[in-house]
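Using the sequences and the hints given, assemble the complete structure.
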Amino acid sequence: MSEIDEHGKPVVGRGFRLQWEPAQDAHVLLYPEGMVKLNSSAAAIMSRCDGVRTVADIVADIERSYGVTGLAADVRAFVAMAREKSWLEMKE
Amino acid sequence: MSDLEPPPGPDEAELPLVGEAPLANAARRPGPPLWLLMELTYRCPLHCVFCYNPTEFATSGPELATDDWLRVLREARALGAVQLGLSGGEPLARDDLEVIVAEAHSLGFYTNLITSGVGMTEPRIAALKRAGLDHIQLSFQDSSREMNDFLSSTRTFELKAKVAALIKQYEYPMVLNVVLHRHNLDHVQEILELAERIGAEYVELANTQYYGWAWLNRERLMPSREQLRRAEATLERFRAQPGQKMKIFFVVPDYFERRPKACMNGLGSVFLTVTPDGTALPCHAARMLPGLAFPNVRTESVRSIWYDSEAFNRFRGDDWMKEPCRSCPEKTRDFGGCRCQAYLLTGDPANADPVCDLSPHHHLVTEAVAAADAWESGRNQEGEKGLVFRDHRISIPVVVVGQEARSKRGAGI
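Chains as they are written, first to last, in this note's numbering: chain A, 1 to 92; chain B, 1 to 413.
What the hints contain is simulated information worked out from the structure, not anything from laboratory work. Some hints here could point you the wrong way.
[To be verified] The calculated lysine to aspartate or glutamate pairs, modelled on EDC-like cross-linking and capped at a C-alpha distance of 20 Å, are:
| hint | chain 1 | residue 1 | chain 2 | residue 2 |
| --- | --- | --- | --- | --- |
| 1 | B | Lys245 | A | Glu84 |
| 2 | A | Lys91 | A | Glu3 |
| 3 | B | Lys245 | B | Glu257 |
| 4 | B | Lys331 | B | Glu257 |
| 5 | A | Lys9 | A | Asp61 |
| 6 | B | Lys168 | A | Glu89 |
| 7 | B | Lys261 | B | Asp357 |
| 8 | B | Lys247 | A | Asp57 |
| 9 | B | Lys245 | A | Asp50 |
| 10 | B | Lys162 | B | Glu201 |
| 11 | B | Lys245 | B | Glu196 |
| 12 | A | Lys91 | A | Asp57 |
| 13 | A | Lys85 | B | Glu201 |
| 14 | B | Lys331 | B | Asp348 |
| 15 | A | Lys91 | A | Glu21 |
| 16 | B | Lys247 | A | Glu89 |
| 17 | A | Lys91 | B | Glu171 |
| 18 | B | Lys261 | B | Asp318 |
| 19 | A | Lys85 | A | Asp50 |
| 20 | B | Lys247 | B | Glu196 |
| 21 | B | Lys331 | B | Asp319 |
[As the list claims (entries may be wrong)] Restraint ranges, calculated between C-beta atoms of paired labels, are given here:
| hint | chain 1 | residue 1 | chain 2 | residue 2 | range |
| --- | --- | --- | --- | --- | --- |
| 22 | B | Leu364 | A | Ser40 | 43 to 53 Å |
| 23 | B | Glu171 | A | Arg53 | 37 to 47 Å |
| 24 | B | Glu171 | A | Asn39 | 27 to 37 Å |
| 25 | A | Lys91 | B | Ser304 | 43 to 53 Å |
| 26 | A | Ser47 | B | Thr332 | 26 to 36 Å |
| 27 | B | Arg229 | A | Arg53 | 43 to 53 Å |
| 28 | B | Glu146 | A | Ala80 | 41 to 51 Å |
| 29 | B | Lys162 | A | Asp5 | 34 to 44 Å |
| 30 | B | Tyr170 | A | Ser40 | 32 to 42 Å |
| 31 | A | Ser47 | B | Arg303 | 24 to 34 Å |
| 32 | A | Asp25 | B | Thr332 | 50 to 60 Å |
| 33 | B | Arg29 | A | Asp61 | 31 to 41 Å |
| 34 | B | Thr121 | A | Lys91 | 43 to 53 Å |
| 35 | A | Asn39 | B | Arg229 | 36 to 46 Å |
Positions of the beta carbon are idealized from the N, C-alpha and C atoms, including for glycine.
See the structure below:
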């Protein structure tokens, strides 16, 4: 699994779409003929992946929103996994 | 369309495996119809021998009007449907496809067009892009022009190659679907090379499932074990190549398995199909099931169809099951397999899918595979009978071309 640069700017991959589904009470990631239902942590990360914020920004934002610290490794691991699956692409 | 399979996909990402679906199959209020398949028309310029459309499709009633489809979209979306398949027949044969896509997109559907490519032009793909179409799945019948054209009984290969270029030009993810059977299973290497050449990102190698026209042609399409083994070895070699980036899905033919597929994740669990005349089905092949009056969207709401109709409730939960399924611990995993296959092979849709080696009818499956093995070794003359091409003019059309098929295969095209 590739290392994630904290200055990289993740964005939802081409052909994928993240949206809130009231019927499932969850964020889902839609892609050609398929769907992944995201848990709340995955959704918290993915919904901040706008191609503008860096991984470091996203970590800081989530830590601030949830009043916790020490999430950097978890976020990087998720981003790396999501990149492997093409859910996320890295800008720059 | 001939090639609509249960959604492809890797492990946990496959739609039927996520969300509430497995629980929804239990005997309680089902979850939403997450997957809506709208078969817009049975009209199709191709005549594929493995098409799953009903063989009597020509007797189907008039097609739904645009407004009917738009209403189906709104009602299904309100229930929580989110993946939309636009199929047929050839959906491009409907000149209101762009209107339907635009409404679906504005409602929040992820829109998938499942097409042979026939009818796609640059103005149309540009309009579909503007309307918000998310994805195009393009089918090829084989890697070579000769086999593509032969198996679909048309001359469409070069047109498809042009459509593939348009799909790339309009920045769609490129998903190529090829239905496999004995006449092209030995071409997996060439098919994958073609996929690479046209820039496919996903390739679905979907072994034929035997419904509709494919059922009629089963004896002439079933591959041998040896062919399957060769194809899988080719696939492994291809995947192992350095720099190989395509995601390749190989849908194993269930006749070669010992446990059935979790077909549709259980009928009435996540899938809702609406056929060209408005008939609602819990699976695109289910119209064949006896004793069920399938509701029609012209006269009933999608909500009442999904939650209240006898046709959608009949095979929910496990009360309908017989032995060996009823007491089987695996029933929560495979739901007894495919109801249509159970019906086609045993005459009773409540029986275990004979693919399961616990089924007392499993020999029907192994005998079909044995016949294919015998064909491979040249002993069985059944394979010489004609393939039946999907055709609207005749309900049981017979075009004797089996000999030609074999000689082409022998030539290694």
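Results for each hint:
1. B:Lys245 x A:Glu84: holds (11 Å)
2. A:Lys91 x A:Glu3: holds (15 Å)
3. B:Lys245 x B:Glu257: violated (28 Å)
4. B:Lys331 x B:Glu257: The hint holds at about 16 Å.
5. A:Lys9 x A:Asp61: holds (14 Å)
6. B:Lys168 x A:Glu89: Answer holds: Lys168 of chain B to Glu89 of chain A is near 18 Å, not above 20 Å.
7. B:Lys261 x B:Asp357: holds (13 Å)
8. B:Lys247 x A:Asp57: violated (31 Å)
9. B:Lys245 x A:Asp50: violated (25 Å)
10. B:Lys162 x B:Glu201: holds (17 Å)
11. B:Lys245 x B:Glu196: Answer holds: Lys245 of chain B to Glu196 of chain B is near 9 Å, not above 20 Å.
12. A:Lys91 x A:Asp57: holds (14 Å)
13. A:Lys85 x B:Glu201: Satisfied, since the Cα-Cα distance of roughly 13 Å is no more than 20 Å.
14. B:Lys331 x B:Asp348: holds (18 Å)
15. A:Lys91 x A:Glu21: violated (27 Å)
16. B:Lys247 x A:Glu89: Cα-Cα ~16 Å, so holds.
17. A:Lys91 x B:Glu171: holds (17 Å)
18. B:Lys261 x B:Asp318: holds (16 Å)
19. A:Lys85 x A:Asp50: It holds: about 17 Å lies between the C-alpha atoms, which stays within 20 Å.
20. B:Lys247 x B:Glu196: Since the Cα atoms of Lys247 of chain B and Glu196 of chain B sit roughly 11 Å apart, the hinted pair holds (cutoff 20 Å).
21. B:Lys331 x B:Asp319: Since the Cα atoms of Lys331 of chain B and Asp319 of chain B sit roughly 11 Å apart, the hinted pair holds (cutoff 20 Å).
22. B:Leu364 x A:Ser40: 43 to 53 Å: holds (48 Å)
23. B:Glu171 x A:Arg53: 37 to 47 Å: violated (24 Å)
24. B:Glu171 x A:Asn39: 27 to 37 Å: The hint (27 to 37 Å, Cβ to Cβ) holds, given that Glu171 of chain B and Asn39 of chain A are roughly 30 Å apart.
25. A:Lys91 x B:Ser304: 43 to 53 Å: Because 47 Å falls inside the window, the suggested range holds.
26. A:Ser47 x B:Thr332: 26 to 36 Å: holds (33 Å)
27. B:Arg229 x A:Arg53: 43 to 53 Å: holds (49 Å)
28. B:Glu146 x A:Ala80: 41 to 51 Å: Distance hint for Glu146 of chain B, Ala80 of chain A holds at roughly 45 Å.
29. B:Lys162 x A:Asp5: 34 to 44 Å: Taking Cβ atoms as reference, Lys162 of chain B and Asp5 of chain A lie about 40 Å apart, which means the hint holds.
30. B:Tyr170 x A:Ser40: 32 to 42 Å: With Cβ atoms ~35 Å apart, the hint holds.
31. A:Ser47 x B:Arg303: 24 to 34 Å: holds (30 Å)
32. A:Asp25 x B:Thr332: 50 to 60 Å: violated (23 Å)
33. B:Arg29 x A:Asp61: 31 to 41 Å: holds (38 Å)
34. B:Thr121 x A:Lys91: 43 to 53 Å: violated (33 Å)
35. A:Asn39 x B:Arg229: 36 to 46 Å: About 40 Å separates the Cβ atoms of Asn39 of chain A and Arg229 of chain B, which means 36 to 46 Å holds.
Checked against the numbered hints given earlier, this structure breaks hints 3, 8, 9, 15, 23, 32, 34; the rest are met.
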